[in-house]
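There are 2 protein chains.
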Amino acid sequence: MRLARPLENLIDHLAKLPSIGPKTAQRLALYILRLPAEEARQLARAIVEVQQKIKPCSQCGFLTEFDPCVICQDHDRDNQILCIVEESSNVIAIEKSGFRGRYFVLNKPSSLLEGSGLEELDGQALETYLSGGEFKEVIMALNPDIDGEIMARYLAAIIQAKGIKITRLAHGLPVGGDIEFTDEITLRRAIEGRREL
Amino acid sequence: MRLARPLENLIDHLAKLPSIGPKTAQRLALYILRLPAEEARQLARAIVEVQQKIKPCSQCGFLTEFDPCVICQDHDRDNQILCIVEESSNVIAIEKSGFRGRYFVLNKPSSLLEGSGLEELDGQALETYLSGGEFKEVIMALNPDIDGEIMARYLAAIIQAKGIKITRLAHGLPVGGDIEFTDEITLRRAIEGRREL
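Protein chains in written order, with the numbering used here: chain L, 1 to 197; chain F, 1 to 197.
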């Protein structure tokens, strides 16, 4: 005895998505089955459309409907400072902080920890982008994890060869954070990077 | 600054699904964006197909491609005992335990705790199903939670009116479970339902 084939089929597809286990996949499939028909069609269409319409910007890698993207078309930015990020969503977060330089989005390969994956990182695209610009500084705004470390080292070689200064985001206590609940590595970095009051 | 519209659109749709928060929705959307085109199309198609092809069995409510379902068409079952369950997936679980009676699937309304929702429970369908059968006993195999309690009381009235015996699944320690980690209500039920060795 099994569930009906189209239901099993949807469960199988959902279970392949990251962080969706078999139980969640089953719950989602039953939920989708009961959605109003129009809502289910919209979800299906959104999946197909995201693939058809969204591409990385040919210059900076930001995911965009229009190439070049809105950021590359914005002439009101500091062209001497470049911020390298892993994902387009990080651009949104950094824009909110007030930064108005240029970006380069790596669209991080998901395979980085599974295999080597570094060959998927497009070093050539970064080199081309740097050559076409007038950058004085590159901020590495990569996540503070192993993947981020690996990518940062790989990219640093490319940037240094151009004689451009490299910086990275400061480590330390998150604003509003609690010392008691901060891990020891972060605390050590916060002490190393202490500032005079 | 926002992400590209088709990407935001997919994130919005995914975030409406149960147990998918905005962060997970974003991660899923980026993952879907990078799927091979054929896999993304298959996922979209599976969503549309599950709605077009799957319906509750007109007799017992089991989700099925063909009406009546395989269980209703199976003549090699005990027709005197009926098991009422909330979801079709519960039928699969109970079949594995070796039970070979009939089933009635409620396809539990998701709204039960939010509003009243009981009017969505098809009492009339159960009554029709009971009238067409020769049942001597109905096992309430509903989940041991508030929803299950509410539904059980509502349905019990319908079944009792037909003079059919009602039973429910036993409560107690799960096989392989540990007394130390069993909650007090389950333990109390296990003591109440103790059996002679």
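Where hints are given, some of them may not hold.
Repeated chains share a single entry, so a pair holds when one copy, or any two copies, can fit it.
Stated by the list, open to error - Derived pair list, reagent style BS3-like, types lysine-lysine, alpha-carbon separation capped at 27 Å:
| # | residue 1 | residue 2 |
| --- | --- | --- |
| 1 | Lys-165 | Lys-108 |
| 2 | Lys-16 | Lys-55 |
| 3 | Lys-16 | Lys-53 |
| 4 | Lys-96 | Lys-55 |
| 5 | Lys-53 | Lys-23 |
| 6 | Lys-23 | Lys-96 |
| 7 | Lys-16 | Lys-96 |
| 8 | Lys-23 | Lys-136 |
| 9 | Lys-55 | Lys-23 |
| 10 | Lys-165 | Lys-136 |
| 11 | Lys-165 | Lys-23 |
| 12 | Lys-23 | Lys-162 |
| 13 | Lys-136 | Lys-16 |
By construction, these hints were calculated from the structure, which means they are not laboratory data.
Non-conforming hints, listed in increasing numerical order: 8, 11, 12, 13
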